[in-house]
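Heads up: the protein sequence lines correspond to chains A and B, in order.
Oh and the first sequence: position 127 is 128 in this note's numbering, straight run, nothing missing.
Oh and the second sequence: position 19 is 20 in this note's numbering, straight run, nothing missing.
A couple of the hints might just be wrong.
Any copy will do: because identical chains look the same in the list, a pair fits if it lies in one copy or spans two.
[Stated by the list, open to error] Distance condition first, Cα-Cα at most 25 Å in a straight line; then the derived SDA-like pairs of lysine to any residue:
hint: 1; residue 1: Lys104; residue 2: Ala21
hint: 2; residue 1: Lys104; residue 2: Ala18
hint: 3; residue 1: Lys104; residue 2: Ser15
hint: 4; residue 1: Lys104; residue 2: Pro41
Worth flagging that the hints you see were computed from the coordinates, not collected in a lab.
There are 2 protein chains.
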Amino acid sequence: MPPACAQTAVTSVSREAERAARPGPAANFTGTVSVRPIFPVSPPSTVSAGEVTFQPGARSNWHRHPMGQHLIVTAGLGWTQAEGGAVVEMRPGDVIWCPPGVKHWHGATPDQGVTHIAIQETVAGSNVEWLEPVTAAQYRR
Amino acid sequence: MPPACAQTAVTSVSREAERAARPGPAANFTGTVSVRPIFPVSPPSTVSAGEVTFQPGARSNWHRHPMGQHLIVTAGLGWTQAEGGAVVEMRPGDVIWCPPGVKHWHGATPDQGVTHIAIQETVAGSNVEWLEPVTAAQYRR
């Protein structure tokens with residue numbers, strides 16, 4: 002997620018060209034992932050958002066969000082799974098809610114990429130706790 | 002904004018067909034406006050989101066958000082203005098931040114509608130304080 006910025010006293014606008022996509026780090030993702038910032042935390046607000054695109058076969062590591070996370074799927078076909086639960090398909094127009102502290106992952110399907118907007122709140126300076134990769138066996142089961 | 006829903010213990014998915022657009026109420030908007038819920042507040046999270054479409058000439062009343070509001074413009078051409086400030090054009094890809102307590106409005110241009118995602122946090126049960134309409138003179142200045 003992008004860093005917090007100083008609070009502005011008036012309405013501010015960021016144009017898409019100012020928010021370049023960057024590769025999702027290999028420490029947190031398997032495969033090819035890009036993350037485009039949408040908006041950083043603007044205190045005292047705690048919410049931030051980013052657009053994440055997973056190429057076919059790519060997925061996040063297992064992770065948790067301290068205040069949960071909402072995903073708005075905008076393109077492609079994806080999968081998400083909470084630990085111990087079924088894999089759920091994500092299609093454009095779907096909105097996914099993962100509650101606080103629930104260990105989960107999300108990503109593309111093997112043959113089709115997916116793009117979603119991710120919205121989460123920051124608690125004590127963090128909006129995510131990264132865990133281990135989703136193995137090929139876990140992903141393909 | 003949609004009402005808060007009971008917290009779920011696992012990941013939940015809402016499909017677009019379950020989130021029908023409704024007219025923006027005449028008490029809060031001028032002209033033809035539709036509001037499609039994206040996600041309600043899921044406690045302890047305080048964030049909610051909705052997609053708002055303004056037909057040409059339509060706009061919100063003046064209003065304030067207790068923890069601010071982020072707009073992600075997805076289609077068309079819009080205007081937004083904070084009290085005492087300049088009117089700012091909103092185009093697809095633009096992201097607008099309006100800080101807590103700042104009196105503002107947003108809407109379409111006279112000749113072109115606009116659609117944006119609106120994301121805001123709830124404080125003490127409210128995410129917006131509605132004020133008076135934006136007059137034709139204020140809108141056309």
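Now for the hints, and whether the structure bears them out:
When the C-alpha separation of Lys104 and Ala21 is checked against a cutoff of 25 Å, the pair qualifies neither within a copy, at 29 Å, nor between copies, at 30 Å. Within a single copy, Lys104 and Ala18 get their C-alpha atoms no closer than 34 Å, and across copies no closer than 28 Å, so neither meets the 25 Å cut-off. Taking the closest pair of Cα atoms, Lys104 and Ser15 come within 25 Å of each other only across two copies (20 Å); inside a single copy the shortest separation is 32 Å, beyond that limit. Both within a single protomer and between protomers do Lys104 and Pro41 lie at most 25 Å apart by alpha-carbon distance, with minima of 23 Å and 22 Å respectively.
In summary, the numbered hints that this structure violates are 1, 2.
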